[in-house]
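Peer 1: For the protein sequence lines, the chains are A and B, in the order given.
Note that our numbering gives residue 95 to position 59 of the first sequence, counting from 1, and the numbers run on in steps of one.
Note that our numbering gives residue 153 to position 28 of the second sequence, counting from 1, and the numbers run on in steps of one.
Honestly, the hints are just simulated from the structure, not real lab data.
A portion of the hints provided could be inaccurate.
In silico DSSO-like links for lysine-lysine, alpha-carbon gap of 27 Å or less [stated by the list, open to error]: (1) A:K79 / B:K233; (2) B:K169 / A:K39; (3) A:K79 / A:K103; (4) A:K39 / A:K79; (5) B:K169 / B:K237; (6) A:K79 / B:K204; (7) A:K55 / A:K99; (8) A:K55 / A:K79; (9) B:K169 / A:K59; (10) A:K79 / B:K169; (11) A:K79 / B:K237; (12) A:K59 / A:K110; (13) A:K101 / A:K59; (14) A:K49 / A:K59; (15) A:K79 / A:K59; (16) A:K79 / A:K99; (17) A:K39 / A:K55; (18) B:K233 / B:K169.
Which chain B residues stay away from chain A? Per the calculated CB distances, all over 10 Å, these [to be verified]: (19) L137; (20) I138; (21) G142; (22) S153; (23) S182.
Where a beta carbon is used, it is the ideal one built from N, C-alpha and C, also for glycine.
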Amino acid sequence: QVKLLQSGAALVKPGASVKMSCKASGYTFTDYWVSWVKQSHGKSLEWIGEIYPNSGATNFNEKFKGKATLTVDKSTSTAYMELSRLTSEDSAIYYCTRFRDWGQGTLVTVSS
Amino acid sequence: DVVLTQTPVSLLISLGGQASISCRSSQSLVHSNGNTYLHWYLQKPGQSPQLLIYQVSNRFSGIPDRFSGSGSGTDFTLKISRVEPEDLGVYYCLQRTHNPWTFGGGTKLELK
Numbered sequence: 037q038v039k040l041l042q043s044g045a046a047l048v049k050p051g052a053s054v055k056m057s058c059k060a061s062g063y064t065f066t067d068y069w070v071s072w073v074k075q076s077h078g079k080s081l082e083w084i085g086e087i088y089p090n091s092g093a094t095n096f097n098e099k100f101k102g103k104a105t106l107t108v109d110k111s112t113s114t115a116y117m118e119l120s121r122l123t124s125e126d127s128a129i130y131y132c133t134r135f136r137d138w139g140q141g142t143l144v145t146v147s148s
Numbered sequence: 126d127v128v129l130t131q132t133p134v135s136l137l138i139s140l141g142g143q144a145s146i147s148c149r150s151s152q153s154l155v156h157s158n159g160n161t162y163l164h165w166y167l168q169k170p171g172q173s174p175q176l177l178i179y180q181v182s183n184r185f186s187g188i189p190d191r192f193s194g195s196g197s198g199t200d201f202t203l204k205i206s207r208v209e210p211e212d213l214g215v216y217y218c219l220q221r222t223h224n225p226w227t228f229g230g231g232t233k234l235e236l237k
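Isolated chain A (complex conformation) (with noise of 0.2 Å):
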């Protein structure tokens, strides 16, 4: 059975980064793309980028080249992503997703 674990909420200040995880299990990691989808409250869904564990390669929407860092570690099945400078308009929950599985999502709170 696939999961997609992602890590806990997050309380940020503005302007600072956070960096969340996703723990793949039930299929090989490396031999599929996962990628980020963010939703505001209340909002659709916007596609942030995509990696490809086993090369590493990645594959980004321009709006959001500069603000998400991806990444992944093989060796623990898990996928990250980091997001900087943030700001208020960062507010979202933010899923890891491979389209036919999801995670549970990850709500970051940009706050002072």
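We have chain A already, so just place chain B on it with the hints.
Peer 2: Same frame as chain A, now just chain B:
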């Protein structure tokens, strides 16, 4: 970027009734390989999105045949027959033909 326009924004349906949701794309979603990467998701309250239909008309594993997808090119439709309480939530279409992948604005299905 490809814009996906979903209509209606909200739907009031009686239990046992039928719902129809439209997703129109700003450009053709036929990939150069001949496939059409238009998918449908349901996000139940407080949950992550779940895949219902992939590539226009293919039901994902475990999805009942009450859900059906159709369409081609730029116009796509999701139909839900014999609506049940578990079908309530927000429905999204997603295109993965053109980078960046984009979602529709969502259609909220509520009980009349």
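Peer 1: Taking 27 Å as the top limit, are the C-alpha atoms of K55 of chain A and K79 of chain A close enough?
Peer 2: Within the cut-off at roughly 23 Å; holds.
Peer 1: Over 10 Å from every CB of chain A: does L137 of chain B meet that, or does the non-interface label fail?
Peer 2: Fine: 19 Å to the nearest Cβ keeps L137 of chain B off the interface.
Peer 1: Run the C-beta distances from S182 of chain B to all of chain A and say if the shortest one exceeds 10 Å.
Peer 2: holds, 16 Å
Peer 1: Please verify whether K169 of chain B and K59 of chain A have alpha carbons no more than 27 Å apart.
Peer 2: holds, 23 Å
Peer 1: Going straight from one Cα to the other, do K79 of chain A and K99 of chain A come out at no more than 27 Å?
Peer 2: Roughly 17 Å between the alpha carbons, so the hint for K79 of chain A and K99 of chain A holds.
Peer 1: Quickly compare the C-alpha distance for K79 of chain A and K233 of chain B to 27 Å and report which way the hint goes.
Peer 2: holds, 11 Å
Peer 1: Hint check: K79 of chain A vs K204 of chain B, CA-CA at most 27 Å. Holds or violated?
Peer 2: Judged against 27 Å, a Cα distance of about 23 Å means the pair holds.
Peer 1: Take a quick look at whether K49 of chain A and K59 of chain A sit within 27 Å of each other, Cα to Cα.
Peer 2: Judged against 27 Å, a Cα distance of about 25 Å means the pair holds.
Peer 1: If we take the beta carbon of I138 of chain B, is the closest beta carbon in chain A still more than 10 Å away?
Peer 2: holds, 21 Å
Peer 1: Checking one constraint from the list: CA of K169 of chain B to CA of K39 of chain A, max 27 Å. Satisfied?
Peer 2: holds, 18 Å
Peer 1: Within a Cα-Cα threshold of 27 Å, do K79 of chain A and K59 of chain A meet the stated pairing?
Peer 2: Distance ~26 Å between K79 of chain A and K59 of chain A Cα, so the pair holds.
Peer 1: With 10 Å as the threshold, tell me whether G142 of chain B passes as away from chain A on beta-carbon distances.
Peer 2: holds, 25 Å
Checked against the numbered hints above, the structure violates none of them.
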